[in-house]
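So the sequence lines, in the order shown, correspond to chains A and B. 1 is the number of the first residue of the first sequence in UniProt numbering; add one for each residue after it. 1 is the number of the first residue of the second sequence in UniProt numbering; add one for each residue after it.
Because the hints were derived from the structure by calculation, they are not lab data. Built from N, CA and C at the ideal position, the CB exists for glycine as well. Some clues are possibly wrong.
[What the hints assert, rightly or not] Partial list, computed: chain B residues near chain A (C-beta under 8 Å):
| no. | residue |
| --- | --- |
| 1 | Glu198 |
| 2 | Ala244 |
| 3 | Ala249 |
| 4 | Arg307 |
| 5 | Ser601 |
[Claimed, not checked] As a list, the in silico DSBU-like pairs of lysine-lysine whose alpha-carbon atoms are at most 35 Å apart:
| no. | chain 1 | residue 1 | chain 2 | residue 2 |
| --- | --- | --- | --- | --- |
| 6 | A | Lys294 | A | Lys126 |
| 7 | B | Lys407 | A | Lys126 |
| 8 | A | Lys335 | A | Lys60 |
| 9 | B | Lys82 | B | Lys266 |
| 10 | A | Lys301 | B | Lys74 |
| 11 | A | Lys316 | B | Lys485 |
| 12 | B | Lys360 | B | Lys266 |
| 13 | A | Lys533 | B | Lys407 |
| 14 | B | Lys407 | B | Lys485 |
| 15 | B | Lys485 | A | Lys126 |
| 16 | A | Lys301 | B | Lys96 |
| 17 | B | Lys485 | B | Lys141 |
| 18 | A | Lys335 | B | Lys407 |
| 19 | A | Lys157 | A | Lys232 |
| 20 | B | Lys410 | B | Lys349 |
| 21 | A | Lys161 | B | Lys266 |
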Amino acid sequence: MGDSETVVKTPIRVTRSSSSSTTTTTTTTPKQNSPQKPKPGSRSLKNTKASFSDYLLFPKPITLDQLYSSYPCRKAQIDELLHLIGPPNSPMKPIFIYGRPSSAKTSVLLHVFKHLNRPFVYSSCKSCYNPRLLFESVLNQVFFHGKQSTNNYASAKRCEKASDFMNFLREALVHTIATIRENQRPKGSKNSLNCGAGEMIYLIFDNVEMIRDWDSGLALVSVLFKMGDLLKMPELGLVFISSASLDSFYGNTGLMELVPVFFPSYTDEELYQIFMRGQPNPKLYSSFLGVVLKTLCRLTKRVDELSVALVPLFRKYCEPLSDLRVIPDEAMKRKLFSCLQPHIMPSLNQVFKVESGTIVETNKEKEKRKGILRKQGSGETVYEVDFQMSDSAKYLLISAFIASKNPATLDAALFDSTGGSDNRKRKRKSSVTSIEKKDQAAQEMLLKGPGTFPLERLLAIFQCITSVTDGPIEREQVEDGLTEEVGSCGLMSDVLLQLSTLCNANFICKGGSCPLEGSTRYRATIDEDMVMKIARSVNFPLAKYLYRR
Amino acid sequence: MAPSATTDWPSPSEIGDNALQPCFVLHKALPRKYEKRSKEFNSDEDESSYEKLRSEAFNLVWSRIETAIKDVLKHSTSHLFKELHNWVHESFLAIKSSATCSLSEVTRPYPLLVDNLCRQLFTAFVLTKNIEIVDDLLTFKELGVHLKSQGCHIVNLSSHEFSVKHGIAGCFRSLLRQLVTFASNTPDISILASWYSEEANYDKPIVVIIEDVEQCSSMVLAEFITLLSEWVVKIPVLMIMGVATTVDAPRKLLPSNALQHLQPRKFTLGSPVERLDAIIEAAFVKPFYGFNVGYKVALFLRNYFLRHDGTITSFVRALKIACMKHFSMEQLSFLCKGIIDEDSKVWEKTCQSLPEGLLKYAANISSIKRNNIDGNVGDALADGISELMRLRNNWSAVVMCLFEVGKYGKIQLLDIFCEALDPSLPNCKALKRCLEEGKDHRQPLRRDAILRDSESLNSREGTFIAQAVRKVRDLPSASLHQLLKFWARHTEEIAEVNHKVQALLSTFEVEVDGQVVKQEENGMKRNPVSQRLPNMEKDKSQVAHEKAAMLAISMIRDYMVPIESSPFHEIFCFKHVDVLQSALIGDPRKTIQTDLLRSHSYLQCSCCSASLTPSMHDTSILYNLAQEHGDLINVHDWYESYKAILVGSSTKSKAKQKQSPTPKKRKVTDEPNRIEEASIQYPFLLLVP
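Based on the sequences and whatever the hints tell you, model everything.
Spelled out as structure tokens, the structure:
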């Protein structure tokens with residue numbers, strides 16, 4: 001016994017300064033009975049019983065007032081959750097929280113647990129993108145296991161099947177609940193904050209809707225929903241968070257007694273309230289929000305999207321101001337509004353704006369934009385393709401665009417009249433029979449978007465185009481026939497290679513194979529402006545070849 | 001690696017030259033080096049020792065060119081690297097300032113509970129400006145190394161990792177393998193989090209570089225982005241994505257819920273054309289490395305670049321092949337080594353001490369034949385080469401001057417370079433016209449401008465130099481001043497021109513100063529009208545422009561002598577475009593087909609002749625037969641005729657024992673015949689695709 005005493009004493013000496021730890025607890029929990037201080041070094045001591053506070057509790061609990069004040073527009077939901085979770089040690093039915101993305105489901109729930117200060121296990125199905133990761137993530141937390149370099153970042157248990165998961169979980173939960181109980185007693189007497197902790201442990205599954213996309217995801221979902229029944233442990237509370245409603249998880253889960261909690265989307269006033277929080281100059285921001293929020297809310301009511309969209313607009317709004325602490329009067333508001341107004345509508349279409357990295361470049365760009373505008377006015381446009389592309393790739397892309405845009409019946413008419421001799425596709429019959437039919441087909445095609453075409457058609461058009469335009473291209477080297485030969489040789493050398501390059505650049509996409517012919521079909525996905533630019537860069541009269549109504 | 005001799009089927013133009021082909025067939029071990037003009041060589045000893053010299057010279061010259069190219073490329077990317085590093089630094093600070101996250105919180109599975117959570121990934125789109133990614137693979141690797149040296153964690157991912165097949169696990173596995181240096185079979189973000197929370201790794205940005213975003217599977221990439229953005233406060237991940245086409249490409253690729261997690265910034269790499277210009281400048285125009293390309297070869301290289309795939313990589317490869325071919329074909333090419341490194345007297349001696357064969361060869365060089373040499377060939381060679389060097393230096397100075405002009409007018413150095421190499425340049429019509437234009441400069445420039453506009457389409461292709469000269473006239477005064485300064489620097493070695501440039505510069509400086517002062521005064525009074533200067537001053541500045549243009553013209557006329565019109569240029573100048581073309585593009589299919597048609601001429605066995613015989617190779621027979629049938633061939637007919645050749649001859653050799661039965665009725669055939677048929681059918685089936 002003397003040995004064990006010394007063993008006990010040494011850790012006490014070490015931790016004496018940190019807390020008035022009671023020696024009544026078992027020798028294995030000398031450290032970290034205060035949840036407030038999870039030191040980085042302490043995590044290396046794994047699997048000590050008390051580390052559950054590290055894994056399952058928030059470091060700093062908050063009061064109810066703090067909880068309400070941090071989510072001013074979610075009071076009803078907070079109350080409902082508190083009611084459903086209930087007082088300590090009360091078994092609960094599984095809760096299913098749902099609502100649109102970015103409606104504060106996760107953070108409200110986590111804050112509720114922060115307030116309650118009860119042990120919980122959180123796993124997001126977004127971070128854990130397959131069942132195994134989900135299972136192991138839950139188990140790791142229940143086992144107080146951390147992935148570290150010392151354990152080769154391995155999980156506590158290898159678990160791939162749902163049945164294994166249930167077994168491991170039961171085993172672990174029994175163990176954990178025992179630990180919680182053990183911890184409960186001394187703490188209750190000592191720490192007032194831990195009073196309400198109780199003996200429950202809660203499992204939170206976030207982003208449950210993602211599971212539906214996994215292999216046999218629905219089966220897994222139903223297992224998770226039924227988990228309470230399967231494990232038959234009253235100490236276990238289950239909370240599911242999803243952006244899809246319960247109906248979307250098929251009818252078979254309807255049997256489960258999940259209690260739905262709906263988080264409605266924020267209203268305009270609530271959004272206003274949310275965005276007003278923590279602003280350094282509320283008056284200015286309020287006038288700004290008054291201008292833009294209504295318009296933006298027509299598009300989206302998601303807080304995250306709105307906050308992203310608001311930042312650049314506010315910057316624009318403040319541009320005329322020299323001092324951001326100014327309190328705007330009516331006249332100034334009107335002035336600021338008139339400055340901002342032209343930017344609001346464009347910003348609605350611009351979810352994604354790429355800023356330039358260098359100052360020099362931005363200037364250049366501005367110049368360019370101005371230049372383009374000017375040129376558009378004068379009618380003589382000199383567009384440039386601002387990336388390198390070999391000539392054969394350009395022609396190939398043009399021919400792909402023609403093939404996608406024009407109906408196949410038109411090929412013969414187009415390329416025969418212009419003198420393309422190589423076109424072996426003789427479809428003249430159908431093209432001359434009736435113009436009306438053609439019109440109808442063309443209309444249909446416009447509705448369908450860019451059409452698909454087989455490789456053969458692409459190559460035929462490519463050959464026609466290059467044979468037509470060979471003259472002008474080679475004119476610069478007419479003096480020596482040799483290079484002319486070289487040039488055309490280069491054009492034809494690796495068409496298939498160029499095709500794959502274009503596919504890689506997403507200008508042409510490979511469609512599924514045609515069920516009748518069995519060959520791969522392609523589709524040009526490039527937009528017309530770009531093709532026009534490219535055609536202009538090789539002096540190809542593309543407009544002549546495009547079929548228009 | 002030099003392509004082996006067998007693949008080089010002589011093109012029709014070469015055949016005349018290669019009448020001596022049969023005698024090198026005996027020299028199988030030697031590649032085509034001695035194909036041309038090898039009759040001058042008598043002693044094997046000399047041959048081998050000079051061959052060694054040549055290969056040494058090649059190694060030396062190529063290594064120099066290569067390092068020059070590498071330096072240029074490195075230089076072109078260095079400022080981008082700096083910018084990116086600044087961006088990484090700024091973004092990292094932005095992430096850190098958005099929320100503080102203690103070390104222990106990093107590993108928690110739940111998100112941080114703070115307001116205004118930053119859920120956006122800082123992303124840099126690096127526009128590579130080339131649809132082919134080959135050139136930039138190395139750039140991204142180097143970028144990784146550079147940022148790593150600045151204290152970032154670097155992950156290089158390519159589109160292969162973002163495949164639908166492996167899904168998000170594939171890219172995470174690769175990410176962890178590079179960061180954690182350990183491959184888990186359950187790669188997930190929690191491992192990354194615990195790795196990042198370790199003392200040594202904490203508090204550094206993690207930069208994920210994706211080279212070719214367009215080729216990634218959009219689904220997987222979107223998933224990857226949303227996942228990382230959830231964790232970005234805990235694990236500060238920055239993305240650098242290479243975009244080959246336009247900035248719009250990511251927007252088209254990714255769904256909007258992934259896009260909203262990106263905080264994009266755009267960076268641009270130099271376009272391949274710019275880089276190519278820099279390479280040309282560094283490797284061919286400025287210094288002389290002992291290797292130059294002729295006009296036709298330069299044109300070919302240019303077309304190869306523009307039409308083939310537009311990558312620097314393939315251009316450099318083509319250049320290397322040209323260089324190799326040159327050193328293997330040109331017997332005196334080893335002289336370049338001495339010219340670069342040794343002083344003139346030493347290599348003059350080398351020239352004089354050349355063996356008889358080589359001297360004879362030198363005397364027969366086509367460029368020297370025109371003006372016959374009397375007396376010592378060695379001396380003439382030494383003189384000729386030093387003259388050549390002088391001409392070349394002048395040439396490069398003028399080309400550099402023109403290139404400086406080209407920078408203002410978006411004229412590529414490559415174009416100017418090609419044109420300046422043209423030996424028929426002085427006779428070029430367009431250029432002459434341009435020079436004449438210069439002569440009667442008293443004519444009002446207005447008309448000139450109108451003319452130019454109407455002509456521009458026609459003249460643009462032919463005369464980049466003429467364009468450059470015109471550009472000199474159109475430059476604004478400030479740019480012209482700048483330009484003249486550059487000219488002064490480039491023409492330092494040509495005293496006469498430099499003198500003129502300096503004189504022009506000094507008069508110009510006075511004028512410009514006056515003008516600037518005037519302009520400022522005007523600007524104070526009436527801003528919008530300040531552009532319209534009084535006529536006199538305008539004329540004055542035009543005089544300066546005219547003078548500069550005249551100077552340019554005289555430089556072009558007097559000093560820009562294309563290397564191909566100077567004696568002994570063959571020693572340094574590679575002109576055999578056909579050789580290069582066959583080596584680069586080749587025409588493997590055509591070669592194989594012609595070879596199949598005339599296999600007897602290669603095999604040279606006694607039994608074969610031009611007609612089809614069964615002793616020929618099966619492939620050859622089949623191909624010959626297919627040719628006889630024209631475009632389409634019925635397989636049955638093909639087989640029939642194939643069989644007819646084999647069987648017909650064998651029966652002939654068996655002294656016509658009996659006619660073989662009609663092959664259609666195989667069932668009727670007797671036993672030995674069937675065996676025979678099987679042995680015929682088997683190779684046939686093997687060969688028919």
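The hints, checked one at a time:
1. Glu198: With a closest approach of 7 Å, the B:Glu198 hint holds.
2. Ala244: Hint holds; B:Ala244 Cβ to chain A Cβ min 6 Å, cut 8 Å.
3. Ala249: Check passed: Cβ of B:Ala249 comes within 7 Å of chain A, closer than 8 Å.
4. Arg307: Because about 4 Å separates B:Arg307 from the closest Cβ in chain A, which is inside the 8 Å limit, the hint holds.
5. Ser601: B:Ser601 check fails; min Cβ-Cβ to chain A is 26 Å, beyond 8 Å.
6. A:Lys294 - A:Lys126: Holds. A:Lys294 to A:Lys126 sits at ~32 Å (cutoff 35 Å).
7. B:Lys407 - A:Lys126: Between B:Lys407 and A:Lys126 the Cα gap is close to 52 Å, so the pair fails against 35 Å, i.e. violated.
8. A:Lys335 - A:Lys60: violated (47 Å)
9. B:Lys82 - B:Lys266: holds (14 Å)
10. A:Lys301 - B:Lys74: Violated, at about 48 Å.
11. A:Lys316 - B:Lys485: Outside the cut-off at roughly 43 Å; violated.
12. B:Lys360 - B:Lys266: The hint is violated at about 62 Å.
13. A:Lys533 - B:Lys407: holds (23 Å)
14. B:Lys407 - B:Lys485: Holds, because 14 Å separates the two Cα atoms, which is no more than 35 Å.
15. B:Lys485 - A:Lys126: violated (62 Å)
16. A:Lys301 - B:Lys96: Status holds; Cα separation ~28 Å.
17. B:Lys485 - B:Lys141: violated (38 Å)
18. A:Lys335 - B:Lys407: Violated: A:Lys335 and B:Lys407 sit about 45 Å apart, past 35 Å.
19. A:Lys157 - A:Lys232: OK: A:Lys157 and A:Lys232 at ~22 Å, within 35 Å.
20. B:Lys410 - B:Lys349: With Cα atoms ~46 Å apart, B:Lys410 and B:Lys349 exceed 35 Å; violated.
21. A:Lys161 - B:Lys266: violated (45 Å)
Checked against the numbered hints above, the structure violates hints 5, 7, 8, 10, 11, 12, 15, 17, 18, 20, 21; every other hint is satisfied.
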